[in-house]
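Colleague: Start from the sequences and build out the full structure, keeping to the hints where you can.
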Amino acid sequence: MPCALLGDRASGKTTFLGLLYSAQVKYGTGVQDDFRFHAPLQSLNVMSAVYEGMKDGRFPSATLKEEITELGFIFGYLRKVVGKLPYYIRKQNWARPFSTLRFSAYDVSGEDIEEFIESGIASRPLIQQLLKSVVVVVLVDCSKMTTEIDTPAYKKMLRYDSTVAKLLVSFQTYKKQEYERLKESGVKPEPPVIYPAFVLSKFDNLRDDVLARLGLHQGFPQDKKARREYAEALLRVFVPQTLSQIRGGKVAGVNMDKAEYFLSWVRTETQEGMDPVGQPRIVRTGFRPEGGGEPDFAYDEYVHFIEHFRHIAHKIPDEILEAEKFQAEAAVRTA
Amino acid sequence: MPQVVIVGDRDSGRTTFLGLLYVAQVQSGSDRADRFRFHSTFESMEEITVLFQRLMSGGFPDSATKEGIREMRVHLGYRGRGRGVLSRLRSRAWSPDSVATFRFILSRTLDDEVSGFLHGSSVANGRLSDILEGDAMAILVDSTKLGVNGEEPPEGAIERYDVAVEAFLTAIQRWRARGGRSRVYPVFVLTKFDGIRPEVLRAAKVDDSPPQADRTAERAKYGEALLGRNLPKTFKKLAPGEKGGLEFARPTYFFSWVRTEAASSGRPGKIRLRRTASFGWEPDYSKEEYVALLEHLWGVGTRTPR
Chain A
0 MPCALLGDRA SGKTTFLGLL YSAQVKYGTG VQDDFRFHAP LQSLNVMSAV YEGMKDGRFP
60 SATLKEEITE LGFIFGYLRK VVGKLPYYIR KQNWARPFST LRFSAYDVSG EDIEEFIESG
120 IASRPLIQQL LKSVVVVVLV DCSKMTTEID TPAYKKMLRY DSTVAKLLVS FQTYKKQEYE
180 RLKESGVKPE PPVIYPAFVL SKFDNLRDDV LARLGLHQGF PQDKKARREY AEALLRVFVP
240 QTLSQIRGGK VAGVNMDKAE YFLSWVRTET QEGMDPVGQP RIVRTGFRPE GGGEPDFAYD
300 EYVHFIEHFR HIAHKIPDEI LEAEKFQAEA AVRTA
Chain D
0 MPQVVIVGDR DSGRTTFLGL LYVAQVQSGS DRADRFRFHS TFESMEEITV LFQRLMSGGF
60 PDSATKEGIR EMRVHLGYRG RGRGVLSRLR SRAWSPDSVA TFRFILSRTL DDEVSGFLHG
120 SSVANGRLSD ILEGDAMAIL VDSTKLGVNG EEPPEGAIER YDVAVEAFLT AIQRWRARGG
180 RSRVYPVFVL TKFDGIRPEV LRAAKVDDSP PQADRTAERA KYGEALLGRN LPKTFKKLAP
240 GEKGGLEFAR PTYFFSWVRT EAASSGRPGK IRLRRTASFG WEPDYSKEEY VALLEHLWGV
300 GTRTPR
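In the order they appear, the protein sequences are chains A and D. Taking numbering that gives the first Met the number 0 as reference, the numbering of the first sequence is continuous, increasing by one, and the terminal residue is 334. Taking numbering that gives the first Met the number 0 as reference, the numbering of the second sequence is continuous, increasing by one, and the terminal residue is 305.
A couple of the hints might just be wrong.
Claimed, not checked - Computed cross-link-like contacts, DSSO-like style, restricted to lysine-lysine with a CA-CA straight-line distance of at most 30 Å:
(1) A:K175 to A:K223
(2) A:K223 to A:K25
(3) A:K155 to A:K249
(4) A:K131 to A:K249
(5) D:K232 to A:K155
(6) A:K154 to D:K286
(7) A:K154 to A:K187
(8) A:K154 to D:K65
(9) D:K65 to A:K155
(10) A:K249 to D:K286
(11) A:K79 to A:K131
(12) A:K257 to A:K25
(13) D:K204 to D:K232
(14) A:K154 to D:K269
(15) D:K269 to A:K155
(16) A:K187 to A:K79
(17) A:K155 to A:K257
(18) A:K131 to A:K54
(19) A:K25 to A:K314
(20) A:K314 to A:K79
(21) A:K25 to A:K249
Read the hints as simulated data drawn from the structure, not as lab findings. Since the model is a prediction, treat every value here as computed from it, not as a measurement.
Modeller: This is the structure in structure tokens:
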């Protein structure tokens, strides 16, 4: 199942992917062995370079644009029933032991997407692939959250809100068109669903006065309902169009109600409370039996993020699986 | 899809009105209560988001924005409401019956297009036929231009507008004589209501502020007292009576204002922003009126045959 990552310029997309990769490596090598991941060679080259840099305390300087247009992982989640089977059955391919989810970050412009929906002609095949996404991950840069209306940050956030809202409407429109097309061709498709996931990036840079004004405490809650309320309180103020279009999916016939919220932060070095000169450096954890020398980041949130997709991967509509299978076969034939 | 045609005189605030209608939707559609939801269609997003950004930054629509925006298409829904008894019983549900889809059309050249049609020109312009096919008409009236009984209206602007709206209603009547929707819902929106002259209110013998939105009969009296003498031809046209199969519903009234900060030398006036309940920002405008208007239009949408 495809999954798309949307984020503003300098919202921390590459850092997010680097930290996700870091969490995948750690989580995927745990004792339980119920999560595995795979990355195509090109993506692996980029991600391992980013990962190495982070382990060396450096933020990634390279953006997706300079590297490749699609950066992807395949997440594999051990199916519950299969997990209980004897080992020798579990390891057989016919048992399909893992539900998979293709997680991809794309470097395409909003204009290209809009042009495709208007004309039906994609300037790049990647756009259609992106629009097939069932999971849409939206990065919201908390460092840009300000309640001072005459600041560039306020205006940037207004623009970003419009951009994301437009993209979400593009996704909804595409899904609805596909649904109608399938219905007309005699197929009985499931009503379209998109699973949005919001990542509040650079959460450690969210100013205390902003939280205080909104009546929010500093820590992100654990309880699912409380997390939603906390995150929505921020989105309501800073990206209201996005939030309203997520909710509005329901009245447009594309359910986006299953939104989930995560946060991301990575600790940086400070010198006695002063801001560092130049690019900040990442704080790394000490060496412990379970690993060490890793960036000090919101690991639990990233695991939560990975685990969230387990539920979605198990729920993939059949027609998407069929389409993916068909695509894979077509790719083999072309090769 | 029900069509709402927005008509108004030059500088009556048509684009600002459409923008504030979108602002009200965004805010109601993202609030904690989650009672109202809306979805803007793909075709409308580009222009309406630009307008939203402008209003939320305290700016009135500039000429480029005005030129760019022609219409807005939205789906509006209220939780637990619908035509069937079941949908009303399921108070937490979003049933398809609770959703109405609208096309808001900004009319630009009321005088030119309509008079051409009335003088025998054929309707070659699809836009004019869209306007004439409207299910509801939001008739914007600039409150600052309203005159007192017996007084020469300022520059005769409101008199000319009355003639233009009457001509528009006549055009609708002629167009519908060929068939089509038989009922039209007129909605008067008194824009810039905070700038209405006190003597106009006194002459109409009404309070400074209109009755609450849910007191429709009192509001109708209030609105008629203010507009009846200023738009006599329009009101005559809207009066009940045989109109060749066309029926105008009883007009409803809404009041729009947006607080501004005084223009300084070389700088245009700005919209004043205020804190929202959730500590964000919004234009300081008559939000309740816009929320009530949306609810009214939703009702029109659910009553209009699909």
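Colleague: If a hint holds in the structure, say so; if it doesn't, say that too.
Modeller: Each hint, compared with the structure:
Among the hinted pairs, K175 (chain A) with K223 (chain A) is consistent with the structure: their alpha-carbon atoms are about 29 Å apart, no more than 30 Å. Using a Cα cut-off of 30 Å, the hinted pair K223 (chain A) and K25 (chain A) holds, with the two alpha carbons roughly 24 Å apart. Pair hint K155 (chain A) plus K249 (chain A) holds up; C-alpha atoms about 28 Å apart against a cutoff of 30 Å. With a C-alpha separation of about 18 Å, the suggested pairing of K131 (chain A) with K249 (chain A) holds against the 30 Å cut-off.
A hinted pair counts as satisfied when its Cα atoms are at most 30 Å apart, and K232 (chain D) with K155 (chain A) does not qualify at roughly 48 Å. Taking the CA atoms of K154 (chain A) and K286 (chain D), the gap is about 22 Å. The hint holds against a cut of 30 Å. Proposed proximity of K154 (chain A) and K187 (chain A) is contradicted: the alpha carbons are some 45 Å apart, above 30 Å. With a C-alpha separation of about 20 Å, the suggested pair K154 (chain A) and K65 (chain D) falls inside the 30 Å cut-off, and the hint holds.
Restraint check for K65 (chain D) and K155 (chain A): satisfied, since their Cα atoms lie roughly 22 Å apart, inside the 30 Å limit. About 24 Å separates the Cα atoms of K249 (chain A) and K286 (chain D), which keeps this hinted pair within 30 Å; it holds. About 27 Å separates the Cα atoms of K79 (chain A) and K131 (chain A), which keeps this hinted pair within 30 Å; it holds. Distance check on the hinted pair: K257 (chain A) and K25 (chain A) sit about 27 Å apart at the alpha-carbon level, within 30 Å; holds.
The hinted pair formed by K204 (chain D) and K232 (chain D) meets the criterion: a straight-line CA distance of about 21 Å does not exceed 30 Å. Using a Cα cut-off of 30 Å, the hinted pair K154 (chain A) and K269 (chain D) holds, with the two alpha carbons roughly 16 Å apart. Distance restraint check for K269 (chain D) and K155 (chain A): the Cα-Cα separation of roughly 19 Å lies within the 30 Å cut-off, and the hinted pair is therefore satisfied. Only pairs whose Cα atoms come within 30 Å are accepted, and K187 (chain A) paired with K79 (chain A) is accepted, the gap being roughly 28 Å.
The straight-line distance between the Cα atoms of K155 (chain A) and K257 (chain A) is roughly 27 Å, inside the 30 Å bound, and the hint therefore holds. Distance restraint check for K131 (chain A) and K54 (chain A): the Cα-Cα separation of roughly 34 Å exceeds the 30 Å cut-off, and the hinted pair is therefore not satisfied. A distance of roughly 25 Å separates the Cα atoms of K25 (chain A) and K314 (chain A); the hinted pair therefore holds under the 30 Å criterion. Proximity of K314 (chain A) to K79 (chain A) is assessed by CA-CA distance (about 13 Å); at most 30 Å being required, the pair is judged to hold.
Straight-line distance between C-alpha atoms of K25 (chain A) and K249 (chain A) comes to about 37 Å, which puts the hinted pair past the 30 Å bound.
In the structure shown, a violation is registered for the earlier hints numbered 5, 7, 18 and 21, in ascending order.
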